[in-house]
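Could you build all of it, start to finish, from the sequences and the hints given here?
Chain residues, written in single-letter form:
Protein chains: 2
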Amino acid sequence: MARLVVVGGSAAGMAAAAKAKRVNRNLEVIVYERSRYVSYAPCGVPYYIEGLVGDINDLVYYSVDYFRTKRNIDVRVRHEVLDVDPKARIVTVKNLDDDQIFEVEYDYLVLATGGRPLIPEGVDVNVEGIFTLRTLEDGERIKAACEKAESVGIVGGGYTGLELAEAFRYRGKRVTLIQRSYPMRRALDPKVSHDIIDELRRHDVDLRLGETFLDVERRAGSLRLVTDKDEYPVDMVILAMGVRPNVDLAERMGVELGVTGAIRVNDRMETSVEGVYAAGDNAETIHLVSGRPIYFPFAPAANKMGRVAGDNIAGGNSRFRGVLGTTFTKIFDLHVGRTGLSEWEAKALGFDATVVDINHISRSHYFPGSKRMHIRLIADRESHRILGGAITGGEGVAGRVNTLAAALWGGLTVEDLTQLDLGYAPPFAPVWDGLIIAANIMLREL
Amino acid sequence: MARLVVVGGSAAGMAAAAKAKRVNRNLEVIVYERSRYVSYAPCGVPYYIEGLVGDINDLVYYSVDYFRTKRNIDVRVRHEVLDVDPKARIVTVKNLDDDQIFEVEYDYLVLATGGRPLIPEGVDVNVEGIFTLRTLEDGERIKAACEKAESVGIVGGGYTGLELAEAFRYRGKRVTLIQRSYPMRRALDPKVSHDIIDELRRHDVDLRLGETFLDVERRAGSLRLVTDKDEYPVDMVILAMGVRPNVDLAERMGVELGVTGAIRVNDRMETSVEGVYAAGDNAETIHLVSGRPIYFPFAPAANKMGRVAGDNIAGGNSRFRGVLGTTFTKIFDLHVGRTGLSEWEAKALGFDATVVDINHISRSHYFPGSKRMHIRLIADRESHRILGGAITGGEGVAGRVNTLAAALWGGLTVEDLTQLDLGYAPPFAPVWDGLIIAANIMLREL
Numbered sequence: 030m031a032r033l034v035v036v037g038g039s040a041a042g043m044a045a046a047a048k049a050k051r052v053n054r055n056l057e058v059i060v061y062e063r064s065r066y067v068s069y070a071p072c073g074v075p076y077y078i079e080g081l082v083g084d085i086n087d088l089v090y091y092s093v094d095y096f097r098t099k100r101n102i103d104v105r106v107r108h109e110v111l112d113v114d115p116k117a118r119i120v121t122v123k124n125l126d127d128d129q130i131f132e133v134e135y136d137y138l139v140l141a142t143g144g145r146p147l148i149p150e151g152v153d154v155n156v157e158g159i160f161t162l163r164t165l166e167d168g169e170r171i172k173a174a175c176e177k178a179e180s181v182g183i184v185g186g187g188y189t190g191l192e193l194a195e196a197f198r199y200r201g202k203r204v205t206l207i208q209r210s211y212p213m214r215r216a217l218d219p220k221v222s223h224d225i226i227d228e229l230r231r232h233d234v235d236l237r238l239g240e241t242f243l244d245v246e247r248r249a250g251s252l253r254l255v256t257d258k259d260e261y262p263v264d265m266v267i268l269a270m271g272v273r274p275n276v277d278l279a280e281r282m283g284v285e286l287g288v289t290g291a292i293r294v295n296d297r298m299e300t301s302v303e304g305v306y307a308a309g310d311n312a313e314t315i316h317l318v319s320g321r322p323i324y325f326p327f328a329p330a331a332n333k334m335g336r337v338a339g340d341n342i343a344g345g346n347s348r349f350r351g352v353l354g355t356t357f358t359k360i361f362d363l364h365v366g367r368t369g370l371s372e373w374e375a376k377a378l379g380f381d382a383t384v385v386d387i388n389h390i391s392r393s394h395y396f397p398g399s400k401r402m403h404i405r406l407i408a409d410r411e412s413h414r415i416l417g418g419a420i421t422g423g424e425g426v427a428g429r430v431n432t433l434a435a436a437l438w439g440g441l442t443v444e445d446l447t448q449l450d451l452g453y454a455p456p457f458a459p460v461w462d463g464l465i466i467a468a469n470i471m472l473r474e475l
Numbered sequence: 030m031a032r033l034v035v036v037g038g039s040a041a042g043m044a045a046a047a048k049a050k051r052v053n054r055n056l057e058v059i060v061y062e063r064s065r066y067v068s069y070a071p072c073g074v075p076y077y078i079e080g081l082v083g084d085i086n087d088l089v090y091y092s093v094d095y096f097r098t099k100r101n102i103d104v105r106v107r108h109e110v111l112d113v114d115p116k117a118r119i120v121t122v123k124n125l126d127d128d129q130i131f132e133v134e135y136d137y138l139v140l141a142t143g144g145r146p147l148i149p150e151g152v153d154v155n156v157e158g159i160f161t162l163r164t165l166e167d168g169e170r171i172k173a174a175c176e177k178a179e180s181v182g183i184v185g186g187g188y189t190g191l192e193l194a195e196a197f198r199y200r201g202k203r204v205t206l207i208q209r210s211y212p213m214r215r216a217l218d219p220k221v222s223h224d225i226i227d228e229l230r231r232h233d234v235d236l237r238l239g240e241t242f243l244d245v246e247r248r249a250g251s252l253r254l255v256t257d258k259d260e261y262p263v264d265m266v267i268l269a270m271g272v273r274p275n276v277d278l279a280e281r282m283g284v285e286l287g288v289t290g291a292i293r294v295n296d297r298m299e300t301s302v303e304g305v306y307a308a309g310d311n312a313e314t315i316h317l318v319s320g321r322p323i324y325f326p327f328a329p330a331a332n333k334m335g336r337v338a339g340d341n342i343a344g345g346n347s348r349f350r351g352v353l354g355t356t357f358t359k360i361f362d363l364h365v366g367r368t369g370l371s372e373w374e375a376k377a378l379g380f381d382a383t384v385v386d387i388n389h390i391s392r393s394h395y396f397p398g399s400k401r402m403h404i405r406l407i408a409d410r411e412s413h414r415i416l417g418g419a420i421t422g423g424e425g426v427a428g429r430v431n432t433l434a435a436a437l438w439g440g441l442t443v444e445d446l447t448q449l450d451l452g453y454a455p456p457f458a459p460v461w462d463g464l465i466i467a468a469n470i471m472l473r474e475l
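Going down the list, the sequences are from chains C and G. All letters in the first sequence, in the order written, are residues 30 to 475 by the numbering used here. All letters in the second sequence, in the order written, are residues 30 to 475 by the numbering used here.
No lab work stands behind these hints, which were simulated from the structure alone. Please note that the accuracy of each hint is not assured.
You can't tell identical chains apart in this list, so a pair holds if it fits in one copy or across any two.
Only pairs whose alpha carbons sit at most 30 Å apart, straight line, appear in this in silico DSBU-like list of lysine-lysine [stated by the list, open to error]:
{"hint": "1", "residue 1": "K177", "residue 2": "K202"}
{"hint": "2", "residue 1": "K376", "residue 2": "K123"}
{"hint": "3", "residue 1": "K220", "residue 2": "K376"}
{"hint": "4", "residue 1": "K258", "residue 2": "K202"}
{"hint": "5", "residue 1": "K172", "residue 2": "K202"}
Here is the structure:
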């Protein structure tokens, strides 16, 4: 009986394990996970801290017990894979509860070691009151600490930083958010990010843009968040400066990395080492609009990658095609979504990008409750191909972003979008949907 | 100076007039409209009757005055075009206020005569208490009548019938709805329609399915709705049995009709008669999934057709590609949407259609407020191409239907949909969006 060993039990790892076992019941599947949790939703942690999710266990999709008894997958939590000998196909594992170290042979290995928080050199995150957020256990620590805190400093205006700003404000904390440039800089153009800035200020987040984080100092029992421009006394600090692929084990094994620093894989999720697959936030993928490698550590891609790896290991023939860069979030009452390339990304890649911004409404003008919506559409002036879009508003944002994502997948042009048969009903959309209006305006200028 | 005459001032007619004038300021544009209103939203009338829209004028996008003074378009309401001599390019017009009849020459003509309610032979809709709904004036009459009514009989379970059922129930009326087969039979498969039946019953609509409407009788001052199975005493009756193209004028002019009975046009919206265009609910179009002619009397298509006609008349070169059959509606708390082909449509067209139904959720399972969602996906077993889909649920329906519409436009396959990079955030979507789960399940069976 062939054996699959999966290193890491979050989204990608458990997707790989479950899919492999489902396709090939004869495969022995073992998962080693360092933490106490597998198959969980780290994206839900801000809502756990906010109090919308009462029990941390609600963020677990399937329990260890479920995988063991119902799926016949040998899940071992609190087990760390220390090393891999890819020639001999042996993993060295440590049981973190009893410190026992043992070896296990494998036929197939999936590296699903995930990502890790980006921490500037010299900052010691083990100091009391300094936190990063990746795991449910991080979430438990942050929630416990924030019960006693009155003020929180957040470094970083990406998804995690912004969602935590909301959570802490709703918990009544004073929140200072430090960001070197502008919120969601990697995903959005400044014009779209401005909607986020307005929303943060409307909810009394003390937003410090254009400041570079330097350090957190603990003096006489109190924390001080230090930037290049100022110092902020706070009760706790969250470093939410981004995610990097956790590739320590891969590097030690001699698995090739890609240009992004994440593990290089083909579309079957195979690494450069035979029998070794990678999936999730440690793996590189392809951006389907640019055609370039991208590091895109988001759960839907991780799940799909894991599923593809598992299927191929079990004898299937699945391909992970890549990503479009689609992401959503909610910041207080503002829905934000984007897909494809932003203007700055498109221009950096050499596209002759043209951009239209419109303000429109989410329902027919006469239907109660209509919300304002800002749509930014980006297209290639030469081919007229849509390159991306970003939308903010009070409702109907996610669906329109996904509609653009499907349009990107199909390679639709601006002309196509002007003609697209989108639905209309007064409670859900005006008769001319904002996406079509944006395309019509863009077409006039092409 | 060339002159464009537009017959009909609703969506298509005003879109044609406005676009033509915008592209070519030197064009003289005259619009003749029989009713008192132009550029209005008949789809909003149920919400006016329901009371969500307070003033009927809120359903007007732009006033006659706006078009006259700001857009320099000569709009004449209460004017009926009696006849057209396409050889001499002359229209004969009657001013309905003073009964004057006059002739006007044109260089270009747009027939935007819209649709008319389908009325069974022998039923006299001029009898007091019997209504159809197409225009704002119909809406005003229905609203006035329903103030005094306690019970309403609705014949027809399409969009209008269902939306009116909601409106009358929310106004506290007893509602009997007669439908020969099942609600939205032309748009949905029975399995999806069943969700609507449940919702109607939950809101105490007296639903009479499998009954054929025969007549409305007025005896001793009271109305009686008669079917092949029963009789229902009601205070008023709405006949909402569907829409037919209003092609009387077109036929008299010798304009060719298509197989659907609507005016045959090319993708520039040109009819068989030189200089004569048609747009809106009187015109036939192409279904982009089946490639076949279709009569699709919905406002977004009418608006686009009008815009394309106007652009071409003004010297532009626009094409109306066709429709995907995308429609939304809301029936009480149930959101309903569909695009592409239903199973029965696909099979009737000769596709080897495969179908998957799933029940899923609109948000992450742990995020408060998640609503149940039923997704039906239809694909071609041979090519794996997605043919259509229908979704019902409590939120997030419209966006997912539009996402499928964009996927249909791009010719995406089931495999594509399994890989599609749809966004994820706990308030808006689970990490595996229902569309992707449906595609994954379907792929297992292909």
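Violations among the numbered hints: 2
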